[in-house]
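Chemist: With the hints as extra help, turn the sequences into a complete structure.
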Amino acid sequence: MKAKFLVPLVLFLAFAGFLAFGLTLNPREVPSPLIDKPVPAFSLARLDAPETRFGAEDMRGQVWLLNVWASWCVACRQEHPVLVSLARQDVVPIVGLNYKELRGDGGIDMRGVSLEDETARSIQRARRWLADHGDPYALSVLDIDGRVGIDFGVYGVPETFLIDRDGRIRYKHIGPITPENLQQVLLPKIEELKRAG
Amino acid sequence: MQADRSTMWPGLPAWGALALCAALWLSPAQAADAPGEQAPAGGEIAPTAAADPELEKEVMELSHVLRCLVCQNQSIAESNAPLALDLRNQVREQLQAGRSKDDVIDYLVERYGDFVLYEPPFKTSTALLWGGPALLLFGGAGWLAWRLRRRAVELRETVALSATERAQARSLLAGDPAQPPSSPEESRK
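Just so you know, the sequences run in chain order A and B.
Numbering of the first sequence is given in our numbering, commencing with residue 1 and proceeding in unit increments.
Numbering of the second sequence is given in our numbering, commencing with residue 198 and proceeding in unit increments.
Do not rely on the hints blindly, as some may be mistaken.
Straight-line Cα separation of at most 30 Å, BS3-like style, residue types lysine-lysine; simulated pairs [to be verified]:
hint: 1; chain 1: B; residue 1: Lys298; chain 2: A; residue 2: Lys172
hint: 2; chain 1: A; residue 1: Lys172; chain 2: B; residue 2: Lys320
hint: 3; chain 1: A; residue 1: Lys2; chain 2: A; residue 2: Lys37
hint: 4; chain 1: A; residue 1: Lys194; chain 2: A; residue 2: Lys37
hint: 5; chain 1: B; residue 1: Lys320; chain 2: B; residue 2: Lys298
hint: 6; chain 1: B; residue 1: Lys298; chain 2: B; residue 2: Lys254
hint: 7; chain 1: A; residue 1: Lys37; chain 2: B; residue 2: Lys298
hint: 8; chain 1: A; residue 1: Lys189; chain 2: A; residue 2: Lys37
hint: 9; chain 1: A; residue 1: Lys172; chain 2: A; residue 2: Lys189
hint: 10; chain 1: A; residue 1: Lys37; chain 2: B; residue 2: Lys320
hint: 11; chain 1: A; residue 1: Lys172; chain 2: A; residue 2: Lys37
Please keep in mind that the hints were generated in silico from the structure rather than gathered at the bench.
Modeler: Right under this line is the structure:
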């Protein structure tokens, strides 16, 4: 009863505690509603063979990563060596989703560029980038207009999805994968999913 | 006894409640109304506009309640981020195809989660967000009412003089010095 004057202090501290916890959260990381849902259906042209198409069902029975990238994406450069070394370990196939290669660049005047033009230039740019920086991908597909990206809820490149044998998205990483992310989060999850199958 | 202590505070909870109400209730609306720094949508960056002004009006109405995930304090109507443009086009396309506004909202929530909605839906996880301000307001008002009523009772009890005190006062006023001033009743000052 005597300590009643402490009530506002306690309330303040509780409130400050909530705010302090809030500060540790990253507002840029919006949790995906697609976790544990089936991979959105898509059918896109392959970067290495544009006349053939690739869809998520082609990966059925395998644990795989879908990595959203583009040559104009600066953060992708940062994560690229991590992907290259992961690919070398040969633990999981990585499929690249090349996201809006040309129109996402921002520095290119897209007026009067036909879809054929855009596709051809996208392929050229993407291939050159992979030749320069190394290609960690089992294959890459071209999402010219970013429509498939929307189906995946992509809002910033790079993003990486971990997909299980049954074709369900089990984990989403937003932003560049650091070596720590890979060792501490991704690899254990991959191992777990591979064992589960 | 503790009455004087607590009289220092009664304003506080009500104030706190008001401030919190203001913070919780007003901020989303304010954020949505805040004039964007960038040029409004429909400028040269968003050349695709439906020819039908009715449809375009609906697109814009819907775009104003959807949050851009890139610049999170702007709606997809205000933002010029490429994603906002793509999403506006999606909204337009789907409305054009005859889908209802709810369908379009569901489509985006399926992909981006409740975060795309400026107005969070009422769920168990958001119950405190929606109910909190009312809870604080009515809780604070209730507490204040209770406190005021109790204080009135306490004041009557402590300030009112007992029969002996009354007699003592009367004799003091009458100028009778024989009676020594008795022990201080409640040192309240």
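Chemist: Look at each hint and say if it fits the structure.
Modeler: Here's how the hints hold up against the structure:
1. B:Lys298 / A:Lys172: holds, 28 Å
2. A:Lys172 / B:Lys320: holds, 24 Å
3. A:Lys2 / A:Lys37: Roughly 55 Å separates the two Cα atoms, so the pair is violated.
4. A:Lys194 / A:Lys37: Holds - the C-alpha atoms of Lys37 of chain A and Lys194 of chain A are around 18 Å apart, at most 30 Å.
5. B:Lys320 / B:Lys298: holds, 21 Å
6. B:Lys298 / B:Lys254: Measuring from Cα to Cα gives roughly 12 Å; hence the hint holds.
7. A:Lys37 / B:Lys298: holds, 24 Å
8. A:Lys189 / A:Lys37: Distance of about 16 Å is within 30 Å: holds.
9. A:Lys172 / A:Lys189: Distance of about 11 Å is within 30 Å: holds.
10. A:Lys37 / B:Lys320: Holds, because 20 Å separates the two Cα atoms, which is no more than 30 Å.
11. A:Lys172 / A:Lys37: holds, 12 Å
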